[in-house]
Amino acid sequence: MIDIVKLIHLVAAIFWMGGMAFMLLALRPAVGALLQPPERLMLMAAVWKRFFPIVLVSIVALFATGTNLYTTAFRAIKAATGQGTVPLGWNVMVVLGLLMMVIFAYIYWVAYAKFERAMSVQEWPSAGKAAAQIHIWMVTNFALGWLAIAAVRLLR
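All you need for our numbering is the position in the sequence shown, starting with 1, plus 8.
Please note that the accuracy of each hint is not assured.
Stated by the list, open to error - Estimated spans, in silico, between C-beta atoms of each pair:
hint, residue 1, residue 2, range
1, 47, 82, 49 to 55 Å
2, 9, 109, 20 to 26 Å
3, 57, 88, 45 to 51 Å
4, 68, 44, 35 to 41 Å
5, 50, 110, 40 to 46 Å
6, 162, 140, 29 to 35 Å
7, 45, 82, 20 to 26 Å
8, 11, 93, 21 to 27 Å
9, 117, 164, 35 to 41 Å
10, 37, 157, 20 to 26 Å
11, 113, 155, 54 to 60 Å
12, 22, 124, 22 to 28 Å
13, 9, 39, 38 to 44 Å
14, 41, 110, 31 to 37 Å
Hints in this document: simulated from the structure, not taken from any laboratory. Cβ atoms here follow ideal geometry from the backbone N, Cα and C, with glycine treated the same way.
The whole structure should be built from the sequences, with the hints applied where relevant.
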């Protein structure tokens, strides 16, 4: 059962991190070079409309499986050693993961909502500012994601 939980956790992380990698490293540079602002913003609206629900599902899966994995390991270590502790990297990953979730909540419920409002009335400059804000926070989350991955692999 624990292997299924680990697999779900890994798949959810891959969807979130992979989606951000694609957007930041491939889609955004290509779109910026080929499309004018209104078309660029319409494309990003269509992409985010599909990607953000995937991230929400990924976050639910990561939180549920991460909580399960953490508490299972904590209990096993406590039973084996008498001390309730997990590797330092796990604690760092939990903190960074929670921070990423908070940042995504801001992206989705504040910046993306602002973007959608501007798009609905075709206020391209306002939509562009909101898109730039989403980009900055997505870059931040992408960096935090890599730090979380490094922490769990390198800090024992």
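A quick look at each hint next to the structure:
no.	hint	in the structure
1	47 <-> 82: 49 to 55 Å	holds, 51 Å
2	9 <-> 109: 20 to 26 Å	holds, 25 Å
3	57 <-> 88: 45 to 51 Å	holds, 47 Å
4	68 <-> 44: 35 to 41 Å	holds, 37 Å
5	50 <-> 110: 40 to 46 Å	violated, 29 Å
6	162 <-> 140: 29 to 35 Å	holds, 33 Å
7	45 <-> 82: 20 to 26 Å	violated, 50 Å
8	11 <-> 93: 21 to 27 Å	holds, 23 Å
9	117 <-> 164: 35 to 41 Å	holds, 36 Å
10	37 <-> 157: 20 to 26 Å	holds, 23 Å
11	113 <-> 155: 54 to 60 Å	violated, 19 Å
12	22 <-> 124: 22 to 28 Å	holds, 27 Å
13	9 <-> 39: 38 to 44 Å	holds, 42 Å
14	41 <-> 110: 31 to 37 Å	holds, 32 Å
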